[in-house]
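Q: Below are the chains, spelled out letter by letter.
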Amino acid sequence: MTSDAFISIRNVDKFFGKFQAIDDVSIDIGHGEFFSLLGSSGCGKTTLLRMLAGFESPSSGEIYIDGQPMSEVPPHMRPVNMVFQSYAIFPHLDVRDNIAYGLRKQKLPKAKRDEMVDEMLELIKLPGYGDRKANELSGGQRQRIALARALILRPKVLLLDEPLGALDKQLREQMQLELRDLQRTVGITFVFVTHDQEEALTLSDRIAVMSEGRVLQMDSPTGLYERPSSRRVASFIGTMNFFDGTVSGVNGTSVEVAAEGLGTLRLDRRETAVAEGDKVQVAIRPEKLGISDSRPEGEGGRIEGTLENSAYLGERSHHYVRLDGLEKPVAVSAQNKENAIATADRARPIWLSWNEESLVLLAGD
Amino acid sequence: MSDQTLSGASSSDMPIRRANWFARLIYRSEAARGFALLSPTLVFMLVALLVPFMILVVMSLWTAVGFDFDTTLTTNNYQQAAERPIYGALLTRSLWISGIATVVTVVVCYPMAYYVAFHVHRNKMLWLVFMTLPFWTSYLLRVFAWKVVLGYEGVINSALMTIGLIETPLEFLLYSKEAVIITLAHAWAAFAILPMYVSLEKIDKSLLEAATDLGDGPVMRFLRITLPLSLPGVISASLLIFIPTTGDYITPALLGGPDGAMIGNLIQKQFGPINNWPMGAALSIILMLVIAVICVVFILLTNFVRRRIS
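Here the protein sequences come in this chain order: A and B.
Position 249 of the first sequence, counting from 1, maps to 474 under this note's numbering, and the rest follow consecutively.
Position 290 of the second sequence, counting from 1, maps to 319 under this note's numbering, and the rest follow consecutively.
Just so you know, the hints here were simulated from the structure itself, not pulled from any lab data.
Be careful, since some hints might not be right.
Heads up, simulated DSSO-like pairs for lysine-lysine below, C-alpha to C-alpha not over 30 Å straight-line [what the hints assert, rightly or not]:
| id | chain 1 | residue 1 | chain 2 | residue 2 |
| --- | --- | --- | --- | --- |
| 1 | A | Lys-332 | B | Lys-234 |
| 2 | B | Lys-234 | A | Lys-394 |
| 3 | B | Lys-234 | A | Lys-243 |
| 4 | A | Lys-330 | A | Lys-394 |
| 5 | B | Lys-298 | B | Lys-234 |
If you're wondering where the values come from, they're calculated on a predicted model, not measured in any experiment.
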């Protein structure tokens, strides 16, 4: 271990028979960080979490938690606790016994234990629920009990396996905020697994986007959204317009690209390594495109197209604009700050504009 | 109902037909539906169970006189059963033997059910079928098979003698309480495995992982999660074995010898060689009542456990 990371996943592989679920994954997670593993189902995120918990062991590679190698440590001895997707509330115990379940080993006097449970019930905003049965609880309450049951043991790391997946939208948003607050209060490292990109962006300090057992990109929510490193990450998180192009000139970090539909663009290559003549892609988020009836003035690029379709969503509208030489229309998302543009006459000429900083250069494919 | 408006509005050529009174009754009343579904069984139970039972009750109040019955109603038989120690002794022994057989069966079968529920991932059904294999032959044949295994010159004795562990055959193997217990435990194994398998199978595997995650090693996890959650299966398995084995007479008759005789043998003798049907009837009723009392205790226990679990 070289870094001062709190959790260090070093070159971990995991095979189930011939199927490789995890392919050479290395991740460092800092102390007190809210870290998310994001990906669609089957991408290996849950397997990775279960390896942290000790329910699966890596086929090769090593996992360190707080500097200790974990491969020889059985799950019940690890300094981690988990919130299960199904919550796994023990049905034969009441809320109090559920929360106090893991305290048995510490051999505390009953009064002390009750006090700790009451504190936890206070923390999860369910005071007075101690004597309820597991089947008398709603989904959100069960979720909180599962959290309390894990947190009462003061783990070094809390693992959360899609804990909000079973809740309805409103409750989920409320729980997201509470979860974030809770993490700040207790200061424990959270490793959170989700397939919901919005949830990951809302909650996390950093996110690892996974696909087919590999980490595609690891960055802060803004980094992932604003500077995706590949087309897959860009299209997995939010929507993105892609334009094929060829590099026509490199000057320091500034690159000139001839992009289909948009013409010649000048943009910052950032970390993407390109040479003249390379096939690249230029990407831009729908909300970074301006839309107007007349030719926009000022800095940045602009192009004229044809408004093909519009969808009014209340707070914002989605427009689809056809550009010459492109098969797919370009998606534009516009905030309806003033009254929305009256629903378009089809096939109306319209202007698109953008800032050069909003363009993202993606290498290859 | 809205069928009038519907038929009025319907453009279809088919007129909407009103159901006849029986169909309407079935449609409306859940109780009627229940009784309709029960009726074949209900009729059978009335004819084949309730009627013989009533005959048994009435007969137990008669007295045997030679080859005939004195039909004056009297509780003489019950008094005799209470006064003569042989009846009480046999009843106690029956409860004792089948109690031990029940415990042995449940304890031996629990690990098997546990294994299939948690560690077999493919062909679970096949495993269960194999476990019920003893049931594929008749009860009588199975008892005879045990006679061969446990006999004076049987499989166990000759094997032990061949390898030189014993000089003379072990006599306690056959014609003893132990022989009865071993045979009953084997014969009723499937009745224990199936209910326990069902309740173990139902346990959510993530509960076990959660218990591990919260610091329980395998033993504590079993005692705190698996066992309490499978208790309903254990109780119903016990009930399923205890009730029929208490009154069993085939196994004790063939393998029990004088030490292993049970109340069922005595009842059978009352109806057979002794030819005292009223006494046999009285003993049957007593046995039934005792089992019923034990059953009620069991069911109360089951309910208590179920309430704690759900």
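Q: Please go over all the hints and tell whether each is borne out by the structure.
A: Verification of the hints:
no. : hint                     : verdict
1   : A:Lys-332 with B:Lys-234 : holds (27 Å)
2   : B:Lys-234 with A:Lys-394 : holds (27 Å)
3   : B:Lys-234 with A:Lys-243 : holds (25 Å)
4   : A:Lys-330 with A:Lys-394 : violated (38 Å)
5   : B:Lys-298 with B:Lys-234 : violated (52 Å)
Comparing the model with each numbered hint stated earlier shows that hints 4, 5 do not hold.
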